[in-house]
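Peer 1: Please take these sequences and the hints and turn them into a complete structure.
Line by line, the protein sequences give chains A and B. According to the numbering used here, the first sequence holds residues 1 to 902 in order. According to the numbering used here, the second sequence holds residues 1 to 902 in order.
Hints should not be assumed to be uniformly reliable.
No copy is singled out in the list; a pair is fine if it fits within one copy or between any two copies.
To be verified - Calculated cross-link-like contacts (lysine-lysine; reagent style DSBU-like; alpha-carbon spacing at most 35 Å):
1) 407 x 536
2) 848 x 866
3) 785 x 3
4) 866 x 833
5) 212 x 158
6) 833 x 745
7) 819 x 745
8) 230 x 745
9) 4 x 17
10) 575 x 551
11) 64 x 745
12) 757 x 819
Hint data in this document are derived by calculation from the structure and do not stem from the laboratory.
2 protein chains.
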Amino acid sequence: MSKKYVYSFGAKNAEGKADMKELLGGKGANLAEMCLMGLPVPAGLTITTECCTDYYANDCQLPKGLMDEVWKGMEFVEKDMGMKYGDAENPLLMSARSGSRGSMPGMMDTVLNIGLCSATLPGIIKKTDNPRFVYDSYRRLIMMYADVVMDKAEGLDKGIRRQLDDMLEHYKEEKGYEGDIELTADDMKTLAEKFKAKVKEVMGTDFPDDPKVQLEGAIKAVFKSWNGKKAVSYRRIENIPDDWGTAVNIQAMVFGNMGDTSATGVGFTRDPAVGTKVFYGEWLPNAQGEDVVAGIRTPNPLNSDTKNEQNKHLPSLQELWPNLYKELDDTCMRLETEYKDMLDIEFTIQEGKLYMLQCRVGKSTGTAALKMAMDMMNEKLIDEKTAVTRVKPEQLDELLHPICDPKIEATAKLLCKGLPAGPGAAVGKVVFSSEDAVEWTRRGEKVLLVRKETNPEDVDGMRVADGILTSLGGMTSHAALVARGWGKCCIVGAGVLDVQEDKKVAYVKGTGIVIKEGDILTLNGTKGHAYEGALKLMESSENPQFQEFMKIVDKYRTMGVRTNAETAEDALLAKSFGAEGIGLFRTEHMFYGKGAEAPLFVLRKMILAGSDEERQKAIDELEPFVKKDMKETLIAMDGLPVTFRLLDPPLHEFAPQTAENQKQLADALGITVEDVVNRVQDLHEINPMMGHRGVRLGITYPAITEMQVRALFEATAELMKDGKSPKPEIMVPVTIGGRELRITKVSVDKIHEEVCKKFGVKIEYLYGTMIEIPRACFLAESMAKEAEFFSFGTNDLTQMTYGFSRDDASVFLPEYVDKGILDKDPFQTIDPKGVGELITMACERGRKGRPNLKVGICGEQGGDPKSVEFCYLNGLNYVSCSPYRVPIARLAAAQAAIKHGK
Amino acid sequence: MSKKYVYSFGAKNAEGKADMKELLGGKGANLAEMCLMGLPVPAGLTITTECCTDYYANDCQLPKGLMDEVWKGMEFVEKDMGMKYGDAENPLLMSARSGSRGSMPGMMDTVLNIGLCSATLPGIIKKTDNPRFVYDSYRRLIMMYADVVMDKAEGLDKGIRRQLDDMLEHYKEEKGYEGDIELTADDMKTLAEKFKAKVKEVMGTDFPDDPKVQLEGAIKAVFKSWNGKKAVSYRRIENIPDDWGTAVNIQAMVFGNMGDTSATGVGFTRDPAVGTKVFYGEWLPNAQGEDVVAGIRTPNPLNSDTKNEQNKHLPSLQELWPNLYKELDDTCMRLETEYKDMLDIEFTIQEGKLYMLQCRVGKSTGTAALKMAMDMMNEKLIDEKTAVTRVKPEQLDELLHPICDPKIEATAKLLCKGLPAGPGAAVGKVVFSSEDAVEWTRRGEKVLLVRKETNPEDVDGMRVADGILTSLGGMTSHAALVARGWGKCCIVGAGVLDVQEDKKVAYVKGTGIVIKEGDILTLNGTKGHAYEGALKLMESSENPQFQEFMKIVDKYRTMGVRTNAETAEDALLAKSFGAEGIGLFRTEHMFYGKGAEAPLFVLRKMILAGSDEERQKAIDELEPFVKKDMKETLIAMDGLPVTFRLLDPPLHEFAPQTAENQKQLADALGITVEDVVNRVQDLHEINPMMGHRGVRLGITYPAITEMQVRALFEATAELMKDGKSPKPEIMVPVTIGGRELRITKVSVDKIHEEVCKKFGVKIEYLYGTMIEIPRACFLAESMAKEAEFFSFGTNDLTQMTYGFSRDDASVFLPEYVDKGILDKDPFQTIDPKGVGELITMACERGRKGRPNLKVGICGEQGGDPKSVEFCYLNGLNYVSCSPYRVPIARLAAAQAAIKHGK
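Peer 2: Quick look at the structure:
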């Protein structure tokens with residue numbers, strides 16, 4: 001094979017570089033880059049992602065010749081580090097870590113201290129003169145290796161890790177120790193032997209004592225962990241393709257736990273929570289890297305900027321070792337200049353010498369991402385276009401989301417304080433497990449996930465929870481990292497809580513307060529405070545930097561963004577978020593919302609009318625309500641286009657179901673309750689989604705359409721008389737071809753003429769249709785001859801194209817996504833196959849029928865960044881989405897224009 | 001304009017000919033052809049169908065210059081007839097009749113006696129010396145003209161015709177007359193004057209006295225009637241495109257009512273009911289053509305072959321005027337040789353001279369069509385291919401449909417006898433109006449339409465009724481013609497019945513028996529007998545000519561025909577009809593049908609299982625039932641392929657709904673009734689058609705799939721051991737892409753291996769999928785990589801493509817067809833747009849994925865001739881339909897192959 005699978009780095013040189021992420025993974029490419037920059041990096045090898053793909057294609061066998069290439073590369077590593085792998089005198093130890101193109105923190109497996117074995121133990125003890133450290137490392141290797149390589153990678157899942165953990169706990173109990181710190185070198189040695197025996201007993205094979213076997217096993221295990229359950233689940237959420245694969249980085253070990261002059265830490269070149277330009281990080285003396293992120297010990301602050309309530313008593317690196325701190329700080333500044341982005345770094349200090357273990361572009365909150373993008377632009381580090389691409393559209397969400405009303409918060413009952421790990425506020429019911437979070441959310445509850453600490457197994461629950469609260473962990477703990485990536489409200493390290501997950505309770509120590517499952521709390525993630533009960537939340541006040549950013553965004557955006565609305569209030573909110581019109585106004589709302597009793601009652605009279613006369617009477621009664629609603633909306637959006645969709649839902653949705661309502665209606669109609677019940681039953685449909693709705697109602701009862709159209713034109717005429725500039729658009733739903741549009745247009749034209757005459761004005765309007773039935777896409781050319789605009793109703797279109805009822809699909813849809821039958825939930829993101837092809841076809845055919853056809857989208861997917869990009873590529877004129885997603889759609893549209901720009 | 005709109009015929013010459021039907025309409029082309037053959041045809045002009053299209057395109061204005069062309073053509077007519085239009089001395093009278101490409105009997109308007117006016121009346125009276133005849137013609141012209149030209153064509157619908165009819169009735173009452181025959185010439189004259197005054201009063205304008213105005217008005221009115229309600233409705237049913245347009249034939253009037261040497265009649269060159277080679281027809285002395293078909297007088301027989309119970313006392317034409325009869329008979333024989341088909345002719349004898357007024361290919365029953373095709377083939381008049389195309393596939397229906405069991409019929413209570421106008425037997429509830437027939441049928445009733453006589457307004461009701469019974473009319477009456485065209489059971493002229501449609505009763509005269517709405521009768525249309533109550537019907541015995549015909553059909557057929565079946569009995573019936581396999585076997589049946597209690601109960605245990613163990617137990621219990629069912633079907637179809645569809649419907653369809661069933665199940669599962677109710681509620685879906693069904697169930701509960709597959713393979717293996725040749729095919733329903741197929745295939749492969757091993761046999765089978773969700777059509781290429789065959793489930797595919805729930809669409813679908821929004825019901829015939837495009841695409845993409853992919857269809861449309869043609873054009877390997885439609889599909893497939901043949 002002529003494929004090169006192994007790339008070396010170290011000795012201020014490397015075979016790879018930063019832009020080789022696809023092949024080397026992010027970690028491997030960045031390690032190479034740091035070497036090229038001359039930074040102190042322990043030498044190592046990167047085994048390519050291609051090798052991972054080949055490994056899976058080859059039935060989980062390492063490609064032939066790979067290990068030969070590895071041993072060859074190891075000679076370079078040994079030379080740079082001045083040590084020898086497996087050597088009795090001067091043994092080199094290695095780590096094996098995953099590294100995919102995109103960051104997947106903690107989702108794959110790692111093995112440390114590889115190379116410790118009976119042959120190398122004496123040499124390293126001699127060299128370090130620290131038998132406790134060596135045996136500690138050894139027992140850690142056994143635990144990790146047995147778990148990751150022997151148990152999980154082999155798909156055995158015998159739970160060896162838990163059994164070894166239990167042994168460790170029992171051992172400490174027997175000895176009366178309170179913490180690991182009390183374990184002596186002999187204890188560690190004894191434990192290592194006990195562990196090896198247990199491994200043999202449970203797994204049926206020995207823990208390998210051959211360093212070569214250890215390294216090969218570790219490489220395989222990292223590849224294997226690419227398809228581990230949590231990695232697969234994370235990829236789903238983060239939209240990382242399964243076929244990217246991971247690289248494996250095998251790197252010389254350096255030890256932050258080699259004594260009092262050793263340490264380990266992590267940092268960000270700017271504050272990832274708020275975006276301020278300070279070197280932000282944490283470290284732990286005499287510790288291994290995992291200890292910092294695990295959240296078990298409270299880490300020390302890096303510097304004065306990083307001090308907070310939890311850690312202010314601990315010495316900072318800046319205070320303790322100013323020279324090392326300066327070296328680190330300088331390194332970080334160089335890195336930021338090189339990468340032109342905020343970086344997340346890991347370092348280790350081994351016996352007074354600094355090593356950079358990792359650098360990568362850091363994750364941050366949306367607030368921070370936006371601030372950093374604007375600051376870096378102002379610092380001339382990046383240009384405008386780059387600034388626009390630096391904020392993920394989804395991240396804007398958190399800038400728009402509610403916060404606690406400070407006045408109310410001041411008097412609320414504070415339960416506990418923790419670290420402000422994710423901004424914004426959240427109200428919800430407490431649950432204590434990821435599974436419960438998923439299940440409660442599925443039934444429509446808003447939940448807060450309360451845990452001691454979180455781990456990668458919890459990501460599904462964290463995803464669905466409105467907020468996260470943990471009793472342990474720091475700002476770089478798993479919970480904080482994940483929540484921040486998603487812009488989710490999160491508090492970590494609320495030490496006053498005693499969370500007992502198995503009992504589903506949390507005690508607020510010293511207060512007698514017990515938080516039980518289902519209790520309602522409010523979290524303020526910006527402050528790190530948790531309150532009893534549901535506090536009133538308020539909109540995030542307008543952020544001037546956000547406004548400035550969105551102005552730049554709009555400079556690059558070419559596609560319109562409108563909003564979907566049900567009320568004039570919705571419309572105003574969306575306008576404040578930059579909506580350029582209403583793409584879908586649902587008149588239905590007036591029959592559902594507060595104060596809807598009167599119109600709903602009249603609507604019911606119309607629905608259950610026994611004769612055309614009765615029906616017409618009810619329709620006439622209904623018109624003023626409809627007109628008022630439409631007029632208010634036109635006023636709210638004065639000068640901007642407002643697309644009114646004609647009545648859409650099947651009528652029986654509005655039919656009275658309770659005995660009381662039926663009685664009331666019977667009296668009003670002068671018929672018996674039995675008659676009402678019979679008429680309601682007549683209306684019942686087996687599959688209402690595909691029943692008598694939308695334009696089908698209008699065809700059967702033209703008077704309903706005429707009433708709506710008259711209300712709209714009269715509202716428009718009155719506003720014109722008042723000097724306003726209403727821009728109404730009429731949208732016909734659920735059409736299957738051009739003829740329904742033609743028939744409906746006859747009524748519309750008639751009423752238009754009547755109203756224009758009556759008011760002496762010339763009303764301009766657009767006439768168009770929803771495209772939400774697959775057949776409509778096929779007939780698009782002839783439909784465009786009747787319609788001036790199309791708006792894709794991708795909710796219904798998805799239902800029909802997949803045969804998925806939104807109301808019922810939750811029984812199997814999550815399983816369809818889990819099992820990889822579908823890449824994503826097609827109700828959230830337009831599936832380019834199926835629905836996507838229909839849209840592309842309808843655009844092409846529609847524009848054939850009418851070259852200047854306006855085309856938009858008003859399904860839920862209109863606010864989904866991936867779908868916005870799809871719409872851009874299909875030449876849509878606008879997307880329309882719910883008010884809170886308007887800025888997201890604006891940013892996504894700008895990014896699409898920059899990415900595919902013309 | 002250089003367009004030629006007017007074609008003349010007459011004087012043994014013509015500008016048109018028989019193959020110009022598109023331009024001249026069937027009637028016009030055939031009139032021209034008869035002239036070219038030298039037959040005696042009154043001269044006239046045909047105004048083209050193109051003129052009709054231009055008339056509609058031109059906002060219902062006659063094209064400029066048309067009337068000049070007409071007047072020019074009239075000179076030719078005048079010369080041939082030796083009379084002059086509008087002349088005082090020797091006036092020519094004209095008729096104006098419609099004539100479209102396809103026959104639309106009685107659906108459009110006709111005006112006779114055009115040219116009678118104050119200027120021409122004296123001349124014609126002098127010429128005929130028959131003032132009563134002339135004034136009778138005059139008052140008929142006024143009535144017809146006022147109705148057709150002045151009222152209906154203008155869209156006024158003032159009901160002038162009814163008012164004039166009432167005047168006539170009143171006049172007769174005042175005079176004490178019993179029938180029209182007593183009206184004298186003076187009476188007729190008085191009536192004509194009264195009519196003109198009434199017309200002026202009601203319509204606001206005078207009846208035109210100018211012959212030129214009359215003719216132009218009549219031409220316009222005929223064009224206008226192309227879009228009359230009944231014409232449009234008929235076109236829908238008969239699938240005649242709206243844009244064909246009608247020609248107008250203006251032809252010199254000849255009079256069958258000019259006295260005792262005049263007559264009029266209609267005939268068929270062979271018996272249209274049974275196909276025998278006899279000249280078959282009826283005539284009336286001294287009458288106009290309309291009188292024969294109106295069914296008001298019982299017409300005379302043409303010859304001895306045409307005598308029957310009703311007319312045997314009346315003299316035949318053959319007896320009365322043997323020379324004229326011979327001339328007519330010779331003419332008909334010449335025509336049949338010329339046209340090589342059975343013809344339907346109209347003739348008039350005016351004062352001893354024979355005129356041919358019309359000839360066209362006659363409509364017949366399916367039985368007759370088949371016999372005539374076979375006879376003509378044997379007579380060497382036509383070849384095999386032509387014979388195959390002579391029977392409409394739909395017509396085979398009647399050859400397969402049930403007849404009365406003669407033994408039971410012998411003892412049944414006979415209510416009345418009439419003419420056997422449409423073959424086969426029918427049982428149903430009596431209704432007395434077309435509207436009721438439609439409405440009752442819509443609610444699922446089988447009805448018999450009982451009328452005095454039928455008219456074109458009744459076609460909708462006749463269409464839906466299982467049988468038709470009239471008290472008036474002969475074998476060429478409207479009811480008989482229409483029923484025969486549709487192969488529907490029909491009895492006409494049951495004179496013993498006194499049908500009072502307004503009161504919804506019919507009295508059997510002289511018996512005291514009253515037939516009320518809703519009473520159940522049985523009609524034997526082959527004999528013309530009606531019986532009280534529901535008689536047992538039996539299958540039509542096998543017809544040797546039918547078998548011979550189908551053998552020829554299969555010689556030309558290239559596409560396979562299979563059947564859809566739910567039981568082994570279905571399968572056997574279909575095999576007897578020529579099914580070459582089962583294209584869709586629905587295992588669901590065993591849970592619905594008789595004796596289904598046991599499997600249904602076990603199925604319910606499975607559905608409502610509370611744990612995997614409980615479910616597996618129920619599944620194991622279910623397997624023997626499933627296996628038995630599958631084995632019986634494989635035996636029935638031994639050697640032929642049988643496609644088993646995996647369980648398809650949503651589970652809640654099977655859930656127990658009654659308290660008793662719930663109790664029983666609760667006991668069996670050892671849970672409370674409340675638990676059962678809760679689990680049933682959990683299963684409830686809002687749109688079950690798009691819910692948890694088909695492969696989705698298999699993904700969620702793989703054990704269900706595995707059980708079915710094991711049952712099938714074990715049944716197959718056992719049959720192989722018995723020396724049989726089972727050919728099972730596994731079909732996965734409701735798939736949306738290839739991945740579901742891949743996942744399911746893993747289970748299938750596993751079970752296949754197990755069963756093959758257990759029985760020591762090598763089971764061959766095909767693995768495929770339904771294509772019934774729009775997305776599947778888009779993903780067809782990747783699906784074909786997993787599936788060896790596709791079968792289009794066009795029922796579901798239509799539901800999703802249109803967003804039409806079959807269960808609910810009846811509320812609006814008929815209106816959609818009526819209003820022309822849809823050309824046809826897409827659940828009956830594949831719509832080439834939408835569903836058709838999806839099928840074409842899926843075929844292309846599927847064969848890209850697997851070049852030898854087998855493709856079939858198993859939706860209802862698989863037995864629809866138009867759809868079978870569509871399938872042929874798309875290269876499908878087979879169609880599959882219900883047993884009774886198998887011969888229809890075979891014929892349709894053969895006709896498609898002949899039409900588009902390769």
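Peer 1: Compare the structure with each hint and give your call.
Peer 2: Structure-based check of each hint:
1. 407 x 536: within (10 Å within a copy, 85 Å between copies)
2. 848 x 866: For residue 848 and residue 866, the Cα distance is within 35 Å both inside one copy (26 Å) and across copies (29 Å).
3. 785 x 3: between (57 Å within a copy, 30 Å between copies)
4. 866 x 833: The answer is both: 14 Å in one copy and 30 Å across copies each meet 35 Å.
5. 212 x 158: Answer is within: at 25 Å inside a copy they meet the 35 Å cutoff, but 104 Å across does not.
6. 833 x 745: both (33 Å within a copy, 23 Å between copies)
7. 819 x 745: For residue 819 and residue 745, the Cα distance is within 35 Å only across copies (14 Å; inside one copy 47 Å).
8. 230 x 745: between (55 Å within a copy, 25 Å between copies)
9. 4 x 17: within (15 Å within a copy, 82 Å between copies)
10. 575 x 551: within (15 Å within a copy, 73 Å between copies)
11. 64 x 745: Between. Shortest inter-copy distance 31 Å satisfies the 35 Å Cα cut-off; intra-copy 70 Å does not.
12. 757 x 819: between (61 Å within a copy, 30 Å between copies)
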